[in-house]
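Q: Okay, here's what each chain looks like letter by letter:
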Amino acid sequence: MAAMATAGDVTALAQAKARNAVLQDRFFRLLTLACATLVVVLLVGVMISLIVGAWPAINRFGAGFLVTSSWNPPKELFGALPPIYGTIVTSIIAMVIGIPVSFGIAIFLTELCPSWLRRPIGIAIELLAGIPSIIYGLWGFFFLAPFLQKAVQPALINSLGKVPGLGLLFGGPAYGIGLFTAGIILAIMVLPFITSISRDVFATVPTLLRESAYGMGMTTWEVARSIVIPYTRVGLVGGVMLGLGRALGETMAVTFVIGNSHRISASLLAPATTISASIANEFTEATSELYSSSLIALGLILFVITFIVLAVAKWLLVRAAVK
Amino acid sequence: MAGYAARRIRNNIMMGLSILASVVGLFFLFVILATLLYKGLTAITPQMFTESTPPPGEDGGLINAIFGSVVMTVVAIAVATPVGILAGTYLAEYSRGHWLGEAAKFVNDILLSAPSIIIGLFVYTVLVVPFGHFSAWSGAAALGLIALPVINRTTQDMLGLVPGALREAAAALGTPQWKTMLAVIYRAARSGILTGVLLAIARVTGETAPLLFTALNNQFFSWNLSQPMANLPVVIFQFATSPYDDWQRLAWGGALLITATILVLNIVARWVAGAKSSL
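Protein chains in written order, with the numbering used here: chain A, 51 to 373; chain B, 74 to 352.
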């Protein structure tokens, strides 16, 4: 009888323990779910807060905000065109310079580089990604901008600046700071991102494919151009889009060297501004509600643009990985 | 085979360009670090670690900014680490194939690369405007929001590497799932998760844009997290763009300090991750 009772107790105890375990599991699961959901809530929250903050400006200027180029705080007239223009032009310059250099490094690392050198160079390029943007800005402001002003820009003005049509892009005095310098800084900054993704997707090319191509007598360049790049193009475009997302939203490096001028000039050498640089430079000085609201509206535009670019990048990279 | 010589030349040119690209990339890393060392080393003095930021024309250091950066980073990481690990746990362990999980992974990857200045604007509207003043709490919140997706993502990746057999073995012993996670899976993935946290610290250390209108700046040493607090990145920005030589020199010193910290964190993170893979 006593033995039976003990067995019953043991069963009851085991059941209680199991029930506890189920409850604890449920609790742990809910806790992790809450944390995972928080990330989504956060993104939605960012969106809502930007829309609410931008509302006075949206209300006042409407869609015309996007195409107006005046920026006049005393008169409370704000237009987003110059920052949008600056953001796009600096990013284009960054991509034009950054993409070929990144692909070059990636080809070097996967096709040419002796294996003992591969890891150190890969790490060095990735360290370049770790340097914070303010350091790039500082370096750009004190070294790159004066260097370009003295050595590079006068040469550009005297050569390309004389070409009809193209000359418009390289006209005017050499300021040092401006779209061109910001674009170069951005190119250096996106380099590691595009390089490391390109290198990773290049590595997904099946050895068989590569060896067959070499076996047919293709040169390294032909293998890269006709086999590796076509095979990995989806992933490459994804990597480029990721780099573009960085370039569009980059703030401090650009703020140092862009010149903060709300004027659209034909010349790439002229000072300009970007969305993020305008916000960084002016937000704490924005005294009126409409002024800060206009800056938040700029932030909203930037958020929407980068969201689209990053979403496309992510989608392409997932597709490349599935293949 | 008439084109063979041409193809060879073409190949040599293109491969030459690819080597040149690598040299250019490494050159910039080298030049930036060399500049930092050259300008920064002369600025690093014992005084930098004992005195607060000076008015222009006077001697001073950066201790208030260093302290502020450390405090805000510690608060940010202390909150972001558990939340990020738990979120990563859900996404890696519980949400396989579920649309909500896929959506959360997607959103996290977007946040990972989203412009940090947007995070600053967000924190400004939800934490600075309602309280009516800038504060170190809001600066820490902004940094935490930047660290969170980094930790979340690395946790996902690292838990994905833990063999399923470990989970099955624990389940076969009747271990509750939460206990399996804490005692077995996290332990198996701990160096990877630690790498993620270190990388998050490295990422947060140099962030400037989100602090500009959250923590702002403070000329004085402050313990009060409810008030504006000095921090290295904003001081560097302010001092570098000032016309005063001694301020600019301090900016370079601070810049070297930040970069050295980040490079060390990156290298340690790599080492931690590498120590695991060699096991």
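No wet-lab data here; the hints were simulated from the structure. Mixed in with the good hints, there may be bad ones.
Unchecked claim - Distance condition first, Cα-Cα at most 25 angstroms in a straight line; then the derived PhoX-like pairs of lysine-lysine:
#: 1; chain 1: A; residue 1: K212; chain 2: A; residue 2: K200
#: 2; chain 1: A; residue 1: K67; chain 2: B; residue 2: K112
#: 3; chain 1: A; residue 1: K200; chain 2: B; residue 2: K252
Unchecked claim - Label-pair ranges, simulated between beta-carbon atoms:
#: 4; chain 1: A; residue 1: N109; chain 2: B; residue 2: P203; range: 53 to 61 angstroms
#: 5; chain 1: B; residue 1: S299; chain 2: A; residue 2: P204; range: 49 to 57 angstroms
#: 6; chain 1: A; residue 1: P164; chain 2: B; residue 2: W296; range: 52 to 60 angstroms
#: 7; chain 1: B; residue 1: S315; chain 2: A; residue 2: P164; range: 25 to 33 angstroms
#: 8; chain 1: A; residue 1: A205; chain 2: B; residue 2: L234; range: 50 to 58 angstroms
#: 9; chain 1: A; residue 1: G95; chain 2: B; residue 2: I340; range: 32 to 40 angstroms
#: 10; chain 1: B; residue 1: R80; chain 2: A; residue 2: P223; range: 42 to 50 angstroms
#: 11; chain 1: B; residue 1: S315; chain 2: A; residue 2: L73; range: 25 to 33 angstroms
#: 12; chain 1: A; residue 1: I138; chain 2: B; residue 2: A245; range: 22 to 30 angstroms
#: 13; chain 1: A; residue 1: R76; chain 2: B; residue 2: Q292; range: 24 to 32 angstroms
C-beta: ideal position from N, C-alpha, C; glycine also.
Q: Taking the hints in turn, state whether each one holds.
A: Status of the hints after comparison with the structure:
Of the supplied pair hints, the one linking K212 (chain A) and K200 (chain A) holds, its CA atoms being roughly 18 angstroms apart against a limit of 25 angstroms. For the hint linking K67 (chain A) to K112 (chain B), the alpha-carbon distance of about 65 angstroms lies beyond 25 angstroms, and the restraint is violated. Annotation: proposed proximity of K200 (chain A) to K252 (chain B) is violated, straight-line Cα distance about 65 angstroms (limit 25 angstroms). Take N109 (chain A) and P203 (chain B): their Cβ atoms lie about 21 angstroms apart, and the range 53 to 61 angstroms is violated.
Taking the beta carbon of each, S299 (chain B) and P204 (chain A) are about 52 angstroms apart, inside 49 to 57 angstroms as hinted. Take P164 (chain A) and W296 (chain B): their Cβ atoms lie about 54 angstroms apart, and the range 52 to 60 angstroms holds. Distance hint check for S315 (chain B) and P164 (chain A): the Cβ-Cβ separation is about 47 angstroms, which falls outside the suggested range of 25 to 33 angstroms. Distance hint for A205 (chain A) and L234 (chain B): a CB-CB separation of about 52 angstroms, consistent with the stated range 50 to 58 angstroms.
At roughly 35 angstroms, the beta carbons of G95 (chain A) and I340 (chain B) sit within the given window of 32 to 40 angstroms. The given range of 42 to 50 angstroms is respected by R80 (chain B) and P223 (chain A), whose C-beta atoms sit roughly 46 angstroms from each other. S315 (chain B) and L73 (chain A) have their C-beta atoms about 60 angstroms apart, which leaves the hinted 25 to 33 angstroms range violated. Under the hint 22 to 30 angstroms, the C-beta atoms of I138 (chain A) and A245 (chain B), about 58 angstroms apart, miss the expected range.
Range check, R76 (chain A) to Q292 (chain B): about 52 angstroms between beta-carbon atoms, so the 24 to 32 angstroms window is missed.
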